[in-house]
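Peer 1: Please arrange chain D on chain B, whose structure you already have, making use of the hints.
2 protein chains.
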Amino acid sequence: MDAFDVTILGCSSALPAFGRYPSSQLIHIAGRYFLVDCGEGAQMQLRRFSIKFQRIDHIFISHLHGDHYLGLPGLMASMHLLGRTEPLHLYADEGLHQILEVNNKHSHTTLKYPVVFHPLNFSEPSVLFEDEKVKIATLILKHSIQCCGFIFEERDRPRKLIKEKMEEYKIPITSYETLKMGEDYIHREGTIIPNTELTTDPLPPRKYAYCSDTIYNKGLLPQLQNADLVYHESTFMEDMRQRADQTMHSTAKDAANIAKEAHAKRLLLGHFSARYKDLNPLLEEARSIFPATYLAQEGEKYFV
Amino acid sequence: MDAFDVTILGCSSALPAFGRYPSSQLIHIAGRYFLVDCGEGAQMQLRRFSIKFQRIDHIFISHLHGDHYLGLPGLMASMHLLGRTEPLHLYADEGLHQILEVNNKHSHTTLKYPVVFHPLNFSEPSVLFEDEKVKIATLILKHSIQCCGFIFEERDRPRKLIKEKMEEYKIPITSYETLKMGEDYIHREGTIIPNTELTTDPLPPRKYAYCSDTIYNKGLLPQLQNADLVYHESTFMEDMRQRADQTMHSTAKDAANIAKEAHAKRLLLGHFSARYKDLNPLLEEARSIFPATYLAQEGEKYFV
Chain B
105 MDAFDVTILG
115 CSSALPAFGR
125 YPSSQLIHIA
135 GRYFLVDCGE
145 GAQMQLRRFS
155 IKFQRIDHIF
165 ISHLHGDHYL
175 GLPGLMASMH
185 LLGRTEPLHL
195 YADEGLHQIL
205 EVNNKHSHTT
215 LKYPVVFHPL
225 NFSEPSVLFE
235 DEKVKIATLI
245 LKHSIQCCGF
255 IFEERDRPRK
265 LIKEKMEEYK
275 IPITSYETLK
285 MGEDYIHREG
295 TIIPNTELTT
305 DPLPPRKYAY
315 CSDTIYNKGL
325 LPQLQNADLV
335 YHESTFMEDM
345 RQRADQTMHS
355 TAKDAANIAK
365 EAHAKRLLLG
375 HFSARYKDLN
385 PLLEEARSIF
395 PATYLAQEGE
405 KYFV
Chain D
105 MDAFDVTILG
115 CSSALPAFGR
125 YPSSQLIHIA
135 GRYFLVDCGE
145 GAQMQLRRFS
155 IKFQRIDHIF
165 ISHLHGDHYL
175 GLPGLMASMH
185 LLGRTEPLHL
195 YADEGLHQIL
205 EVNNKHSHTT
215 LKYPVVFHPL
225 NFSEPSVLFE
235 DEKVKIATLI
245 LKHSIQCCGF
255 IFEERDRPRK
265 LIKEKMEEYK
275 IPITSYETLK
285 MGEDYIHREG
295 TIIPNTELTT
305 DPLPPRKYAY
315 CSDTIYNKGL
325 LPQLQNADLV
335 YHESTFMEDM
345 RQRADQTMHS
355 TAKDAANIAK
365 EAHAKRLLLG
375 HFSARYKDLN
385 PLLEEARSIF
395 PATYLAQEGE
405 KYFV
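Sequence order for the protein chains is B and D.
Residue numbers for the first sequence, in my numbering: 105 to 408.
Residue numbers for the second sequence, in my numbering: 105 to 408.
Chain B extracted, bound-state conformation (with noise of 0.2 angstroms):
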């Protein structure tokens, strides 16, 4: 089974305290690395983590506040002196598109590699990357500035070989890719053997949403829904609800809510407040409502 895995660069909420950095995750999927917000010092969290910078080749932004895209000049810098020549793909309201270019004139820089710039569109879902592997979607979320998530996917799964009918049936290697798509075999005198004889169902494809930054918002519980993995902000607990609603940002409880209601497998609180050393009682309070729940924590490793 392919790897389908969160890792957290950075789970801070703007203000970035007790050593927590802002946004940033690595989304490893399908053999592909993808970026997923950029906040200020995403770079320096790669090295500390050992993941290597030129795997990355398609950047997401969720949105245009400080903290979720300051750590991308200075990386797409890095990217260059360590003599990047493939495409990066950045996938971003284009307004990021302005800042680069402003960066990049005043700092006399060329950058060595092409840039595809993807501008996201903030009124409806849509699909930005798909392969025979992976989709990866938008999410519209709610805050005080125009805001996508992101949803990642999995393509239909190929179904399983049984082992034993292959041998039975001596079914050629070069048969196998039509077997997993589901297609009947046709014996050399014309005999037809099922599908269904020769493998089994695949496992459902797996699904990982990131929202970040949003008040709670239903909407987005079609898109959510079953998923594997929801990564969610919460900045605030609810005894800060006043502040939430003011700034446009979710509660514990409101990313609690949101992963029950969408009969997700597990959620993943991120986003948090410099208010909040200890992170517990947020956690605490998400898992009233829905167990399964988890602290983002920097240079870990969630499987999807």
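Hints should not be assumed to be uniformly reliable.
It does not matter which identical chain is meant; a pair holds if it fits inside one copy or across any two.
[As the list claims (entries may be wrong)] Below are the DSS-like pairs computed for lysine-lysine, each with C-alpha atoms no more than 27 angstroms apart in a straight line:
1. K284 to K216
2. K264 to K274
3. K216 to K246
4. K381 to K156
5. K322 to K274
6. K322 to K209
7. K369 to K322
8. K381 to K216
9. K237 to K156
10. K381 to K274
11. K322 to K246
12. K364 to K239
13. K364 to K274
14. K156 to K216
15. K246 to K209
16. K156 to K239
17. K269 to K209
Everything labelled a hint here was simulated from the structure, so no lab data went into it.
Given the structure is predicted, the values throughout are model-derived calculations rather than measurements.
Peer 2: Relative to the frame of chain B, chain D by itself:
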């Protein structure tokens, strides 16, 4: 004696490596705190070393290569979130003003405190800040883009009162200030007591110079003359001479020669290339020319 010291926040060159952060340092002089350069992660380093952000009212940016300013937008946002209302003075290439404006525009940020922008003159040395205790001026460096260093000098220090003489002549406390400034004392009866009988010479004013990024530049020598501490970039060692020339950086040998020719008291090496994990060879190269050389280390405080 007033404290005068330098705390290193970052001493890496453009590509951060081995846990080293890009350029940034805090100068503490006469009770004031000045930030010099603000590479990515400077605010995390300030936190890590328990230095209060809000003590900083003046930030000097040597040039607009990302490793010298990319931490500034985040630090400024954090100052805002922490409720700053005091003005912040920025001294930098005027391009930085445009960079900050584009960032604020897209994040819909209006800072709660005033920013006073002082564009640098890169063609000749100029005084940036002056009060009764401190004078800060630019050093014109030679780099691939326009670049300034900074020199921090104490103003002439007050003469030292001889305690026994104060008692002997029953000199009132209200006269101490004029005595410290070198004036004679006139007794009620009209007798004059010469200042030299009442005071001793003050300690010589101290001087710190920050030189990054630059090639070896003899033009700096008059300003650096007899400096108590010189921070000089030493991105490379002498065996990388060609690369140093190409990128307009110095070697450890260049830095040592500058310190020696300026009759500096001590030299601090910094802005180390990511190719050096162990920095001792750079130290040895410099010490063979200028023995009072030290390596910049993050979190360390160096007395001037």
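Peer 1: Each hint: holds or not?
Peer 2: Here's how the hints hold up against the structure:
no., hint, result
1, K284 to K216, "neither (42 angstroms within a copy, 61 angstroms between copies)"
2, K264 to K274, "within (17 angstroms within a copy, 102 angstroms between copies)"
3, K216 to K246, "between (37 angstroms within a copy, 24 angstroms between copies)"
4, K381 to K156, "between (30 angstroms within a copy, 17 angstroms between copies)"
5, K322 to K274, "neither (52 angstroms within a copy, 82 angstroms between copies)"
6, K322 to K209, "neither (42 angstroms within a copy, 30 angstroms between copies)"
7, K369 to K322, "within (17 angstroms within a copy, 67 angstroms between copies)"
8, K381 to K216, "between (42 angstroms within a copy, 26 angstroms between copies)"
9, K237 to K156, "within (22 angstroms within a copy, 49 angstroms between copies)"
10, K381 to K274, "neither (62 angstroms within a copy, 58 angstroms between copies)"
11, K322 to K246, "within (10 angstroms within a copy, 58 angstroms between copies)"
12, K364 to K239, "within (24 angstroms within a copy, 62 angstroms between copies)"
13, K364 to K274, "neither (48 angstroms within a copy, 83 angstroms between copies)"
14, K156 to K216, "within (18 angstroms within a copy, 39 angstroms between copies)"
15, K246 to K209, "between (33 angstroms within a copy, 19 angstroms between copies)"
16, K156 to K239, "within (23 angstroms within a copy, 45 angstroms between copies)"
17, K269 to K209, "neither (63 angstroms within a copy, 64 angstroms between copies)"
Consistency with the previously given hints fails for numbers 1, 5, 6, 10, 13 and 17, ordered from lowest to highest.
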